[in-house]
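Below, each chain spelled out in residue letters.
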Amino acid sequence: MPGTTPGRRPEAKPAATQPQGKPAVKPSDVIVNEKVEVVQKEEKPVAEKITIGELHLSGCTGCLVTLADNYEGLFKLLDDYADLVYALTLVDVRHVPEMDVCLVEGSCCLNDKISVEELKEAREKSKVLVAYGGCAAYGNITRFCRGGQWNQPGQEAFVPISEVVDVDLYIPSCPPCPQEVRNVAVMAYLLLKGNEEQKNLATAYLTPLMQLAQRGNEACGCDLMYDVINQGLCMGCGTCAGTCPVRAVTMEYGKPNVNRDLCIKCGACYAQCPRSWFNFDVMNNYEGIMDAIKGAMQ
Amino acid sequence: MDVLGNYKSAISARSTDKDILKKSQDGGIITTLFAYALEEGIIDGAIVAGPGDEPWKPEPMVVTTKAELLASAGTRYTISPNLSLIKEATRSYGLDRVGIVGTPCQIQAVRKAQLYPIGMRDVDDKIALALGIFCMENLSYQALEAIVEDHCNQKMESIKKMDIGKGKFTVYTERGAVSQMPLKLIHKYVQPGCNVCLDYVANLADISSGSVGSPDGWSTVFVRSTKGNAVWDGAIAAGCFETKPIDQVKPGLDLVTKLATEKITKNQKNVDARKTVGLKADGTPKGLRNPYESP
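Heads up: the sequence lines are chains A and F, in that order.
Okay, so the first sequence: first residue is 1 according to the numbering used here, each after it adds one.
Okay, so the second sequence: first residue is 1 according to the numbering used here, each after it adds one.
This is chain F alone, in the form it adopts within the complex (with noise of 0.2 Å):
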């Protein structure tokens, strides 16, 4: 498998719904699909990022219409363990078919879930639709504060977006100031476990997105499952999205792939690092845990 991963099509996006286009992050593309897995009863809620108790810090959250949807619209550069939620869904929420948005590897951790189901009971079948979002790396919720707080000097609660792309982390406050700060700098805050993560676009998802590749309000999409392609045609029929084609797009699928190619390199780098960080007595190298080699 390459460094994205298996898919059966990649294009460029955007949502055709201008409520949904208000919130989202790039093309609207996760919300728009569970809006229209919701309607067409393809999945019976999903779980999301909702809002949280703290401004910009989300909470994973079982969504079952529309509106709440458009509460959790657009991206939250900090961590919301969805797979909190997975078993819950199922249980007190009463799902039978559960849609889930996840980063890389919080899809890796659904598809664990549904080949060695050891404390997920019920669980596997249940998966109706994974949807993955491109993640370079996530920052713990107090890191998103140093950064906003600190380096961008902007409060957390005034803040109306925030956006990483063309090599700056940007933030938008609800009276119109925009603060900047090179996305080089908040490399020293991005959480330890991201640095042996080699999953850039979401390889195991049914269908992921990201606004990489693609032109400023679409976003990239790779469909990738079979059970992803009928959801996506069938969205594509009912008219929610516009489309290009991905190789008629500035700047492309090339830039995708050099991202991806980066990471998955940089990181692999690390993993490979970790086995030689100590030394034994004998002089030899002794090493961490390595979760793809064994347990």
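With the rest of the complex left out, here is chain A (with noise of 0.2 Å):
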């Protein structure tokens, strides 16, 4: 956040439960180390929240607002699974505290040495470090940026966060939609601590956007092209047409065709594709898990 200190105060340590090996490939990963917490927890039957923060880098607060865009939901939220504990505006902490789930929103500008910091620390002090947006998982915009702008004319190196740190989940598209920042605050919820039924739901939903993490940080309207055309899949649904926040995509005799001028590389067409993934074992049950999320937001 600009205007901090840069470096870290003492007190802000790493405490002696550092997290485990990084990256986390799998849900699973994440969980192993909270074991022992959870059995020590186990005589306590009101299960304790997690904590969410924001990290704010070089993004335009759409999807801090996003977070907020859940209205209700988001009091919902704060009152019964998570703890705010870190954001710009909504959080008057200065420093990035230890936390359960980081959501990093912008890229990282590489000419700005707070931004660097701060993102190697949010990386150090959360459990699950998330990509939130278009910008922190591919660039988005920002992948346009040559620099010479009032007034950081000399800020134009700006990359997706994986560039400096490594990210365990991406929540695409620009801006992020928010029933799915609350699908996955949910489900990370679940998966930190829920039960063993709850862990397996969770780890399952998760998956899917834990791999597209590790798939990589490009991507434009052409995957539609080099990952679903190209390889035979595309059955003309058109979802990358409906999902396209610019309206880059237009269908055309069923199929796709990007308007690459338009396309600002936020990934919501790829990830939204029913071919990029449908994993049965979530989506057979979509009604039990719709079911259970409305539930939860009662």
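One thing to keep in mind: the hints can contain errors.
Subject to a maximum C-alpha distance of 27 Å in a straight line, what follows is the list of computed DSSO-like cross-link-like pairs (lysine-lysine) [as the list claims (entries may be wrong)]:
| no. | chain 1 | residue 1 | chain 2 | residue 2 |
| --- | --- | --- | --- | --- |
| 1 | F | LYS227 | A | LYS255 |
| 2 | A | LYS255 | F | LYS184 |
| 3 | A | LYS76 | F | LYS227 |
Hints were generated in silico from the structure; no laboratory data involved.
The task is to assemble the complex, starting from two chains supplied on their own in separate frames and drawing on the hints.
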């Protein structure tokens, strides 16, 4: 965050419980360290909340606003499932604290030392680091930055956060969708605090989003060509065109046509495509999962 | 889950609405259900395959009246990317309760959009009714043109009805001519994406329907979700359909099961074959991307 003191405060040193070896490739990698804690807490029937923070790098604050766009759902999340321990304007905490889930908004400006430091600090202090939104995951419109802009003309090098730190999970799109970050928050809660069955569900749900983080940090409407049509997988459902936030994708004779001048490289079209991934173990249970999430939010 | 998916009931049914039956492909199930849901306020509008700018080329369309629904009734054997309007329907059209009809893959896309709404803001709880249609495979518009014009030797604009059944692709012209070609010959025109599809009867729809399994002019219906069950019960109570128990019609569920098994077995083989289609330098197989494993 601009304006904060660079470097780490002495009292903010990572505690003795150093986060596990990174990167976490599967959701289960995240669980392992938690197991001890869960066993200790077994006598307490009421599960504790997880802690979530939002680190704001070079983004437009649209991702943060998206979190608030859950309206009363955000209050429910904060009441029952997660404490917001760090976020621009929403939380009065200056330095990156320890947290279970860190949502990182924005790409990382390599010319801004504080950004790089805070990103590394967030990696150190969080169990699950989420690239939250198109900029953090794929660079998004900051991919087009060539510097020379008032009032920091020297800042021209912007990279997706995975160039600087290991990232566990992606939530693409610009802006991301409030319901998706809600679902991920609920699933992260189940993963870290739930019973065995809930952990399995959360693992199945989060796996593709973690695989997305492993897939790479370049996204473009071209993915629809390279990874769907060129691979012989497109069946012309139109999801990509319906998803694209800038209407860069149209359907021509049953197949997507990408206007690459309009594409902002947010990654939404490919991630939403039913042929990028389709996990039957989760989807076949769609009714139960949607009811469960709805129930959790009431 | 078996090849027919989870369902609460399977029925053979036909619409009681004469206007709809005149235009519908078989039993008029989808059109009638949407007409009923519009009337009852279960949906504010539906995304359907409306008329396009070329003969037999559908264009996804948001309809809010029965007249518009009737203009969209009947099957066109080519792609209508209905999902392209799913977010738009809740924005420009301002619908709070959206109906959508789609092939099995499109209904899969609907469920993914609800469970993983990555770029689908405020859509997940606005899908009020997702109706699925049975689908063996689909054709690009150009492929359909090749079939009708080259194989069946008829002009696209002169066709009154197209139908697939009993191993034949049949076209009926305005002037009464009937041209047929064996279904086997259309396989080379099938779009590649259909060859990895593992769903025949829209397992994830609220209600799915298709002609297979029921007598001519009737449709087989699977009522699947809680939501679908409520809508179906309401439509029956309102007298929208004549029904027959599925075990009392010919050819019945056995044929549906047979075709579903055939499709899924064949396509599962295709999915598996993709894993070893290439060759690495060390002599081991190199695979293509598998959407059922990872993005």
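Hints and how they fare:
Taking the CA atoms of LYS227/F and LYS255/A, the gap is near 31 Å; set against the 27 Å cutoff, the hint is violated. Under the criterion of a C-alpha separation no larger than 27 Å, the hint pairing LYS255/A with LYS184/F is consistent with the structure, at around 24 Å. Under the criterion of a C-alpha separation no larger than 27 Å, the hint pairing LYS76/A with LYS227/F is consistent with the structure, at around 26 Å.
Comparing the model with each earlier hint shows a violation of hint 1 alone; every other hint is respected.
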